[in-house]
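Visitor: So the protein lines, in turn, are chains Y and A.
Using this note's numbering, you'd call the opening residue of the first sequence number 18 and step up by one each time.
Using this note's numbering, you'd call the opening residue of the second sequence number 578 and step up by one each time.
Keep in mind that a hint or two might mislead.
20 Å max Cα-Cα, derived EDC-like pairs, lysine to aspartate or glutamate [said to hold, decoys possible]: (1) Y:Lys29 to A:Asp617; (2) Y:Lys41 to Y:Glu31; (3) Y:Lys28 to A:Glu605; (4) Y:Lys22 to A:Glu596; (5) Y:Lys104 to A:Asp587; (6) Y:Lys24 to A:Glu601; (7) Y:Lys272 to Y:Glu161.
Simulated from the structure, these hints should not be mistaken for laboratory data.
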Amino acid sequence: MARIKLKRLLKKKEAVLVIKNLIKMMDISIGIKDTSDQLLLGDDQADSTDKYPIELETEVLGWVIGGEKAAAIAFLLNHLASKEVEKKNLADEVLDRYREVNLLYNLSEKLGASLELQAVVQVALTEASRLIASTDGMVMLTNEATAILEVVSVFGQNDDLKESIELGQGIIGNIAQSGKAEIVNDVLSDARAYETDNKIRSLVCTPLKTEQKVVGVIFIGHKTPVTYTAADLKLLSTIASQAAPAIENALIYKKKLTEAKEREQKLQRQITEMRIELDEAKRQRQVVEIIDTDYFRELQVKAKELRESRKSPKE
Amino acid sequence: MEPKILIVDDEAHIRLLIEQTLEELEDEGVELLTASNGADALETIKTERPQLVFLDVMMPKMNGFDVCNTVKNELGLDEVYIIMLTAKGQEFDKEKGQEVGANVYMTKPFDPDELLEKAEEVLGL
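Model the full structure from these sequences, guided by the hints.
Guide: This is how it looks when you write it as structure tokens:
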């Protein structure tokens, strides 16, 4: 079906003005009809001997009816229709770019709202699953110490997907290692497929990269074969490009938080130890205060006299 | 009578974007109209009587609030559903919106899917 309708084209004031002026200048009587023979502009009683098609590529949008000169009007309408389609195609592209910008804007807002790792990862995965057809999806992050990809967030029915994998293992591990995003529309035929990969039939996967390194991967998949396109990969890569720095920040925040807690605990221990020391010092001071009095000295003298008096009767 | 939507914005690219977003409604018989300023918008509303109007707030000479006020309060065209379009970060004067009879507002940049959904909801498609 044609991208535009003749009726809509003839609603454009500028187009109608030009056509009406031309008709007047050429002093002709013509009628412009659509494919269902409905009169859209002009004279219904125009000479119907000659009928000229208004065409867009191979499709006929309508007819200009009248004498020989009606051909000129048909030619003009062909040109206007063609221009209108060009404009619509351009508008389509603009709308696509607008959607992209909108996605980046919204994603940036959502990712910036939290420093918690789970929240950040969840935002990325939720947006990906919302925009790309899928039954399963996952975010895995690299444990630098062990070189294992660990599951941080997952959705879908596939329990096997919740296992950790080594870098380079299976399709996902391979992508994490290579750092290159991929579409795999037929997982079963892929030589890299690992046993857990096989539960997913098609997938699109992209690494989560910061300037310095690959921190993990995000993938979206389907349990039945689908055809993921370059547009899907581009969407996922856009999400990943926003998510990766946010994830890195969340990891740094988590590390700083852990360090702060450890410092706090150490401080608590030190405070407790100092309290004990202070209490001991206080106790000793109190003892000194007691024994360093005349009364206590007198008591000591009396105690000594008593001890000696007890010894004397025996002797 | 086929339902009509009027898009009013002084920025041509916004009119184009909204038109493009709503393009698929044309297949359902909806007619899309546009206006680049408040005065033209009022003329079109009077002659075409659209069921739905997307109306930019910030326009030179006659802003969206004035247009809305004229439509709802002076002309009494309460059946025209008006969605005001306001820039994100710009505080929408909800009180003023209520005063002039705006039905709802949306922020720009708008979500194309949300816009289409709202149009379908208002027109009962």
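Visitor: None of the hints should be skipped; say for each whether it holds.
Guide: Status of each hint after checking the structure:
1. Y:Lys29 to A:Asp617: Within the cut-off at roughly 15 Å; holds.
2. Y:Lys41 to Y:Glu31: OK: lysine 41 of chain Y and glutamate 31 of chain Y at ~15 Å, within 20 Å.
3. Y:Lys28 to A:Glu605: It holds: about 17 Å lies between the C-alpha atoms, which stays within 20 Å.
4. Y:Lys22 to A:Glu596: Given that 20 Å is the threshold and the Cα spacing comes to 15 Å, the pair holds.
5. Y:Lys104 to A:Asp587: 19 Å, holds
6. Y:Lys24 to A:Glu601: Distance ~16 Å between lysine 24 of chain Y and glutamate 601 of chain A Cα, so the pair holds.
7. Y:Lys272 to Y:Glu161: Given that 20 Å is the threshold and the Cα spacing comes to 14 Å, the pair holds.
When held up to the earlier numbered hints, the structure conflicts with none and fits them all.
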